[in-house]
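K.L.:
The chain contents come next:
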Amino acid sequence: MNKVIEVENLTKRYGNLTALNKFSFSVKEGEIFGLLGPNGSGKTTAINSILGLLKINEGKIQIFGKQMQPDAYDIKKDIGVILQNVAVFDSLTVYENIDYFCGLYVANKETRKKLVNEAIKVVGLEKYKTFTPPKLSGGLLRRLNIACGIAHKPKLLFLDEPTVAVDPQSRNNILESIKKLNQQGTTIIYTTHYMEEVEFLCDRVLIIDHGKSVAEGTVEQLKKQATIDEKIEVEFDEIAENKIAKIKKLPNVKDVLVEPQKITIYFAKENQNMTKLLELLKKEDIKANAVNLQKPTLNDVFLEITGRELRD
Amino acid sequence: MFYHVFKYRFKRLLREKTLLFWALLFPCILATLFNFAFSNFDEMMVFRTIRIGIVENKEHEIKYLLEDLEVEEREIFSVQYLSEEEAEEELLAGSISSYLVIDEKLKLVTDRSGYDQTITKHVLDNFLQASATINNLMQRDPQKANEILLEGINLDKEFVERDLQGDNNIMLVSFYSLIALGAIYGGFFGMKTINETEGNLSAYGIKHVIVPFHKIKIIFPSITVDVFVQSMAMILLVSYMLLLGIDFGDYLFFVYLVAVFGGVVGIVIGALIGLSSRLDAVKKDNILSAVGFMMAFLSGMVIVNVKHWVQSGAPWLAQINPANLITDSLYALYYYETMDRYYYNLITMGLITIVLLIVISVFVRRRQYDSV
Ligand SMILES: Nc1ncnc2c1ncn2[C@@H]1O[C@H](COP(=O)(O)OP(=O)(O)OP(=O)(O)O)[C@@H](O)[C@H]1O
Ligand SMILES: [Mg+2]
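Protein sequence lines correspond, in order, to chains B and L.
Counted the way numbering that gives the first Met the number 0 counts, the first sequence spans residues 0 to 311.
Counted the way numbering that gives the first Met the number 0 counts, the second sequence spans residues 0 to 371.
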């Protein structure tokens with residue numbers, strides 16, 4: 000597969016602050032690539048650097064196999080960008096906004112009409128064509144913002160946290176639209192600090208922290224990097240100390256977190272952890288109200304690598 | 000592309016109420032308020048005696064007029080008869096504000112503009128106008144003219160006195176600098192264009208920098224819209240003042256010309272303020288409001304004499320203050336016989352615009368930023 004984006008040793012400093020530190024990654028044609036990182040980790044800076052908007056201190060950026068530069072117009076014509084901050088005009092209607100931004104890429108009026116209507120359909124704003132942005136809810140506004148960036152059918156699409164402060168219905172709509180665009184062949188870079196979105200959308204993920212790449216791979220690969228395999232929560236009315244000690248002695252147990260009326264047991268990768276736990280509970284006559292098994296999340300991966308939670 | 004950007008930018012401006020308020024309505028509202036205030040102001044005006052010189056190379060009836068002219072039983076002029084050399088010295092010393100040379104024609108000489116000079120010039124103009132009317136009448140209808148002259152030889156005097164009493168021409172400078180204010184407020188348009196096209200100023204800016212062509216292709220049609228709308232605003236303002244009865248003299252075309260050109264200067268100033276820092280748009284709007292008001296104030300908008308004080312105290316400031324150049328152009332158009340001063344002001348405005356445009360273009364050429 001062709002590499003659509005190739006970033007090597009990208010370093011960007013704002014004064015004394017190093018926002019990106021020898022940051023490298025590549026994106027393959029046709030994939031949804033997730034940039035996952037906490038607030039201030041450098042996601043937006045990375046995107047703006049790749050777009051040629053920022054003067055970078057060091058590094059090499061290639062898009063479609065060509066050197067990215069501010070005047071690389073043949074590259075820029077195939078790029079779509081949905082910024083973290085909504086940028087639509089309050090005095091133009093939904094339709095006019097999309098038509099305006101699309102018109103910066105597509106001159107032909109007839110073609111554009113078709114494209115604009117398609118974009119409206121993708122984000123599900125058919126009923127709101129003549130509304131102006133101040134009359135749209137936060138979620139609909141985000142959808143309009145997306146429509147403005149996708150109408151010209153870019154081959155490469157950047158989405159910078161497009162679901163921040165969005166209601167669940169719009170969030171689902173947005174995630175579905177992105178999947179649809181990807182199925183139609185658009186390569187997508189998606190930044191977020193919601194791991195659920197990454198798990199739902201992304202073929203490959205890069206975890207960024209303090210401007211550095213800390214892990215990269217498919218969601219499955221990343222989860223395998225985690226040394227824990229399973230988390231099992233057991234809820235009780237009460238439990239005796241000596242029985243907790245017995246649980247701790249089960250094979251493969253890495254750690255046990257004890258809370259009032261609940262313990263969480265972390266198991267290393269192994270088969271039959273659950274079976275062994277249930278057998279013990281039965282044998283010791285421990286009355287559990289609930290037993291939940293959880294697979295590790297990207298958050299656990301992040302926690303292990305950085306010692307911090309992904310979300311504050 | 001030009002048409003596409005032009006069309007949407009135009010649509011947007013027409014729909015943006017706050018912007019239109021400041022650019023179009025606000026100056027008109029101020030003009031209405033000024034007009035209201037000044038219509039009561041005349042009565043409060045107290046004329047002081049103006050010291051002038053007369054160089055009499057030839058007998059002329061105007062000297063009696065100047066000697067006798069009174070408003071509310073106070074003499075308006077105190078006249079000294081002098082030789083041309085003496086008159087020049089007195090003028091330099093400042094003991095007279097101007098002197099009149101009576102030859103085949105009348106010539107008023109002064110070295111500065113101010114309240115006294117304005118009145119003197121005004122009186123002369125009115126006198127000439129009145130006597131021209133009578134001369135005209137003499138030729139067409141000598142009998143009628145004789146009747147009028149018999150009724151009172153003081154016709155000219157009365158005419159001038161009446162005119163002075165009901166005169167708010169002194170206040171014209173205020174209205175002229177109000178036009179200057181309206182012109183500078185065109186900066187709101189220019190500032191908006193810059194804010195929307197510079198990547199480090201807004202998200203719109205980023206969107207306009209990542210397009211597959213240079214952002215100048217967005218800026219140019221946007222500024223064209225700005226100039227168009229601002230010109231309309233200026234034409235509206237001048238026309239509205241004419242409706243209010245403000246006197247601009249006889250050269251209306253040149254009045255409109257300097258108003259429209261002033262509007263362009265305003266747009267350029269706004270663009271520069273827009274580029275000057277990364278403060279948010281609202282703060283920059285406030286800066287432009289303040290800057291525009293200050294410029295207009297210095298050109299005599301609130302206190303007419305401020306214009307004259309600046310002109311004598313800090314001539315360089317008067318020379319580079321675009322609002323003053325606009326006000327002064329209109330003033331010169333009204334009070335001076337020749338167009339020299341008008342053109343001089345217009346050319347200075349042109350030069351200022353070119354300098355500002357050069358500075359602006361240095362910024363606007365950028366396509367990459369240290370931070371956005
Ligand atoms: N214009 C700027 N000037 C100075 N520092 C900046 C600027 N923009 C970002 N930074 C700093 O650079 C670092 C990376 O910021 P960036 O916006 O790229 O992070 P992010 O991952 O996009 O965060 P978020 O999730 O909040 O959007 C942060 O520490 C931030 O404070
Ligand atoms: Mg960000």
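Treat the hints as calculated values from the structure; they're not laboratory data.
C-beta: ideal position from N, C-alpha, C; glycine also.
Check the hints yourself; a few may be wrong.
As the list claims (entries may be wrong) - Cβ-to-Cβ under 8 angstroms is the rule here; a few derived chain B residues that face chain L:
id	residue
1	46
2	50
3	51
4	57
5	63
6	65
7	67
8	78
9	88
10	104
11	231
12	283
K.L.:
Out of the numbered hints, which ones does the structure contradict?
P.N.:
1, 4, 5, 6, 7, 11, 12
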